[in-house]
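Let the sequences and hints guide you as you build the complete structure.
If you read the sequences in order, they're chains A and B.
To get the numbering used here, take the position in the first sequence, counting from 1, and add 2.
To get the numbering used here, take the position in the second sequence, counting from 1, and add 649.
Think of the hints as simulated: they come from the structure by calculation, not from any bench.
None of these values were measured; they are calculated from a predicted model.
Glycine included, every Cβ here is placed at the ideal spot set by N, Cα and C.
Careful, some of the hints might be misleading.
Output of the computed footprint for chain B on chain A, the stretches with three or more beta carbons under 8 Å from beta carbons of chain B [what the hints assert, rightly or not]:
1) 52-66
2) 85-92
3) 95-106
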Amino acid sequence: MNTILSIQNLNKRYGKIHAVSNLSFEIEKGNVYGILGPNGSGKTTTLSIILGVVQSNSGSFSWFGKPPSSESRKQIGAILEHPIFYPYMSAESNLKIIADIKGVDANDIERVLKTVELYDRKDSRFKTFSYGMKQRLAIAGALLGNPEVLIFDEPTNGLDPKGIAEIRELIIDIAKQGITIILASHLLDEVQKTCSHVLVLNKGNKLFAGKVDEVLNVADTIEIASDDIDKLQFTLKNIDFISNVKSDGDILTANIQAGKTTYDLNMILIKSEIIVTHLARRKQSLEKQFLELLNENQ
Amino acid sequence: MIRLLRIEFRKLKPYKAFWVMLIFYTILLAIMVFGIPGLIDWVAEKSGDSKIRIFKAIVFNFPDIWQNIAYVASLRIFIKMILGLIVIVLITNEFSNLTIRSNIISGLSRGEFLTGKILLLATLTIFSTIIIFLSGLYLGFTNSSSKDISDVFGKMSFLGGYFIELFIFLAFALFIGILFRKTGFSIIILFAYSIIELILDYKLPDSFSPYLPLNAMNNIIRSPNTSLIKLKSPGFNFDFQEAISFVDVGIALVWVTIFISLSYFLLKKRDI
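Structure follows, in structure tokens:
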């Protein structure tokens with residue numbers, strides 16, 4: 003186990019609003035974490051606290067097993083909300099400031115600018131950039147000095163579809179290099195496409211945390227019925243790709259793991275000498291699951 | 650230290666508005682210092698008082714020249730206000746562009762951020778002091794009747810006093826910028842307070858007077874026109890300042906400690 007970030011019972015109130023409520027979680031090295039939640043669920047506030055710009059009311063967190071400090075922040079590359087740079091300065095000069103702060107060799111600037119495809123615009127002033135370019139420059143800033151952890155807060159917000167695709171591709175490429183990534187997003191699709199682990203937040207509360215496959219790729223639902231409902235239920239409970247068997251009157255509902263078909267299920271049931279009278283598979287959209295997840299916990 | 654100063658310099662180098670303001674300040678300061686002889690001529694002509702011409706001859710005499718030009722350059726609500734404005738613009742820009750936030754996220758501590766700004770204030774103050782020093786040397790060597798080394802370097806402690814006074818004033822401007830964070834509002838407060846303190850000074854009992862912050866910094870270099878008064882009324886025995894007083898400097902240093910501590914406290918406590 004290699005814990006990068008550990009958060010314990012973090013709380014932040016803005017007047018009556020409880021922006022972060024007793025939040026605890028851990029980030030392990032090498033994984034890509036998605037922090038998923040609707041707008042106002044406390045994602046940015048949580049990131050602002052762990053990046054040292056907002057003070058929590060109570061609770062604690064540690065980076066790399068140590069109390070947070072400016073030294074730990076030097077090993078983190080982060081984008082919080084909008085790209086922030088000195089507007090009158092060129093892309094390169096802006097990155098030089100970050101390099102100076104982090105104590106990184108200025109030679110690394112060329113590499114990160116090439117990674118985000120802004121090298122030929124290195125002398126252009128920040129304020130002349132399009133939003134997509136600003137966002138890419140922010141990613142370049144985060145990549146400076148090969149940090150151990152990258153934090154991206156809504157990295158595709160405000161971008162056009164082409165920009166969104168480019169940024170996602172970039173994040174997936176970075177993730178392949180084994181860098182730990184924390185990605186906050188209100189887009190389920192984004193988290194599902196890029197992350198291995200997910201933390202679902204709503205109104206400052208943690209709803210779920212776990213692997214994306216387990217939390218979000220919950221299997222489709224099946225409806226199944228037979229003359230001998232008890233035997234059917236007993237048999238279903240012993241099938242490894244079937245879970246969450248529930249009785250719903252004359253019909254049973256259960257979840258079937260992704261990749262398994264009703265054909266596979268039926269084969270097993272026939273071998274167990276069960277004749278089904280009804281078998282249907284209900285595709286559940288991830289978006290719907292996410293909303294259900296939020297609703298269940300209101 | 651050097652790293653922090655380098656970061657600050659990187660921020661300033663491509664910032665045209667800063668250089669324009671600084672050049673404007675420098676030119677104004679030079680015009681003022683070098684304009685003193687002309688001004689005295691003008692006053693002499695208007696008043697027809699021949700003693701003022703004699704005054705002109707001695708105002709640039711070593712060693713009094715150091716006190717005289719340091720006094721003029723550090724007058725309240727005058728030329729040093731431009732440097733105060735520069736400081737307020739620089740610090741409030743960091744808040745309005747949110748760049749202080751990105752500095753902190755990148756790994757600068759709040760203490761380092763403040764230290765960088767204080768080093769910048771010190772640099773600006775040194776720059777201004779050097780201009781006063783060079784102007785003093787030039788005007789002194791071209792006008793002073795005595796060019797003895799002891800006279801040239803005599804009263805040069807007033808340059809030190811000028812440095813301290815200007816630095817404290819800029820620390821005051823920095824504190825206002827950190828407290829209010831908005832450029833326009835902070836500038837208004839800087840001017841408004843300069844006037845409010847004059848009113849306070851008038852309303853409060855005299856014993857409070859030296860302890861008000863702007864008074865405290867201005868008292869480091871007090872009215873120097875020793876020579877003129879002596880000339881006009883030799884018998885008049887008024888207690889003019891002949892040297893920098895440690896008590897004055899002490900009171901002013903208490904204020905600069907307060908400004909810097911409060912600035913640090915605000916940066917530390919607030920969300921950025």
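(request) Provide an ascending list of the numbers of those earlier hints which the structure does not satisfy. (result) Violated: none.
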